[in-house]
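Enquirer: Residue numbers (our numbering), protein chains in the order written: chain A, 66 to 217; chain B, 66 to 217.
Since the hints were derived computationally from the structure, they do not count as laboratory data. Since we're looking at a predicted model, the values are computed, not measured. Fair warning: there could be bad hints in the mix.
Away from chain A, derived, C-beta distances all over 12 Å, residues of chain B [stated by the list, open to error]: (1) 72; (2) 77; (3) 145; (4) 161; (5) 173.
Pairwise CB distance ranges, derived in the manner of DEER restraints [stated by the list, open to error]: (6) A/108 x B/90: 27 to 33 Å; (7) B/67 x A/138: 18 to 24 Å; (8) A/177 x B/67: 42 to 48 Å; (9) A/157 x B/177: 17 to 23 Å; (10) A/76 x B/112: 52 to 58 Å; (11) A/116 x B/138: 17 to 23 Å; (12) B/151 x A/112: 28 to 34 Å; (13) A/90 x B/180: 28 to 34 Å.
DSS-like, lysine-lysine: derived pairs with alpha carbons at most 27 Å apart [stated by the list, open to error]: (14) B/98 x A/196; (15) A/85 x A/98; (16) B/196 x A/98; (17) A/196 x B/196; (18) A/98 x B/98.
Each residue gets a CB set at the ideal place from its N, CA and C atoms; glycine is no exception.
Protein chains: 2
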Amino acid sequence: MNDRHYEDFHVGQEFRSPGKTFTESEILEFAFKYDPQPFHIDLQAAEASQYGGLIASGWHVMAVAFRLFTMTDALGPASEGAPGIDDLRWHLPVRPGDTVRTVATVEAMRLSASRPDIGLVTIGYRVENQKAETVASMRAVQFMHRRENAHE
Amino acid sequence: MNDRHYEDFHVGQEFRSPGKTFTESEILEFAFKYDPQPFHIDLQAAEASQYGGLIASGWHVMAVAFRLFTMTDALGPASEGAPGIDDLRWHLPVRPGDTVRTVATVEAMRLSASRPDIGLVTIGYRVENQKAETVASMRAVQFMHRRENAHE
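The whole structure should be built from the sequences, with the hints applied where relevant.
Expert: Here is the structure:
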């Protein structure tokens with residue numbers, strides 16, 4: 066894993082993930098476990114729905130998007146995770162055969178008021194498909210350790 | 066499935082799901098696939114982290130929470146899904162052996178301005194553990210079909 070700390074981020078920095086193709090069987094399997102709505106688990110019902118065919122659960126899209134983000138090596142042992150997500154939006158369906166990637170951009174940075182060893186990195190996430198259309202987006206504040214010598 | 070439409074919701078209505086116990090193996094498996102950060106996939110690293118032991122991926126918690134919500138039968142064929150999520154927060158870790166349930170409360174209702182067949186139901190979700198502590202929360206607008214005679 067990398068040695069990235071708070072100091073290694075800057076506003077405007079972009080992390081582009083590799084792509085990942087969604088398959089029909091993965092979509093059906095994830096949704097049957099976590100989001101069993103007809104348009105996610107039943108081909109016939111999905112066809113008859115307003116979506117006109119099977120679409121991936123939004124939770125599946127975000128879980129894959131986050132996995133893709135971790136593959137950019139943006140985080141590492143200095144990450145303490147994120148306390149939440151803001152403004153999560155699903156803009157377009159993800160269908161079998163679609164390939165998505167995550168584009169993460171550093172939007173803001175600030176030091177923690179209460180913990181001198183921590184910095185907060187606000188990251189805007191955009192999930193795009195093979196046509197470069199944005200299928201989902203969200204924002205999260207990532208807690209990152211500062212380098213030891215930065216707060217001594 | 067049920068026949069619940071927009072008209073069958075009211076502000077203040079509450080849906081309480083059954084509980085679900087998180088196991089160590091599920092936590093490790095989900096995170097290895099979707100959120101492979103050390104404190105989610107490596108017992109030793111998790112022990113040494115600020116969390117003092119393995120914790121479930123926040124995405125895992127929300128996916129299970131949503132599945133639990135679908136088990137309340139609040140939705141049904143009249144649901145068209147949700148366009149996004151607001152104010153998602155992870156308040157406390159979920160650890161192996163913890164049992165969570167979802168408590169969903171109708172916070173607001175309004176008719177669609179553009180589609181006479183649709184109503185928007187704002188739902189506040191609280192995920193609680195076996196001690197009735199809130200481990201996560203979020204808010205979403207659910208698109209629900211109106212009964213046919215309601216907009217004729």
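Enquirer: Next step is simple, just say for each hint if it's right about the structure.
Expert: Results for each hint:
1. 72: holds, 19 Å
2. 77: Correct as stated: the minimum Cβ-Cβ distance to chain A is 24 Å, above 12 Å.
3. 145: violated, 6 Å
4. 161: holds, 17 Å
5. 173: holds, 18 Å
6. A/108 x B/90: 27 to 33 Å: Holds, at about 31 Å.
7. B/67 x A/138: 18 to 24 Å: violated, 46 Å
8. A/177 x B/67: 42 to 48 Å: holds, 47 Å
9. A/157 x B/177: 17 to 23 Å: holds, 19 Å
10. A/76 x B/112: 52 to 58 Å: The hint (52 to 58 Å, Cβ to Cβ) is violated, given that residue 76 of chain A and residue 112 of chain B are roughly 35 Å apart.
11. A/116 x B/138: 17 to 23 Å: holds, 22 Å
12. B/151 x A/112: 28 to 34 Å: holds, 31 Å
13. A/90 x B/180: 28 to 34 Å: Holds: the Cβ-Cβ distance is about 33 Å, inside 28 to 34 Å.
14. B/98 x A/196: Given pair residue 98 of chain B, residue 196 of chain A holds - Cα atoms ~25 Å apart, limit 27 Å.
15. A/85 x A/98: holds, 20 Å
16. B/196 x A/98: Measuring from Cα to Cα gives roughly 25 Å; hence the hint holds.
17. A/196 x B/196: With a Cα-Cα distance of about 47 Å, the restraint between residue 196 of chain A and residue 196 of chain B is violated, given a limit of 27 Å.
18. A/98 x B/98: holds, 15 Å
Figure legend: structure checked against the earlier numbered hints; hints not met, in rising order: 3, 7, 10 and 17.
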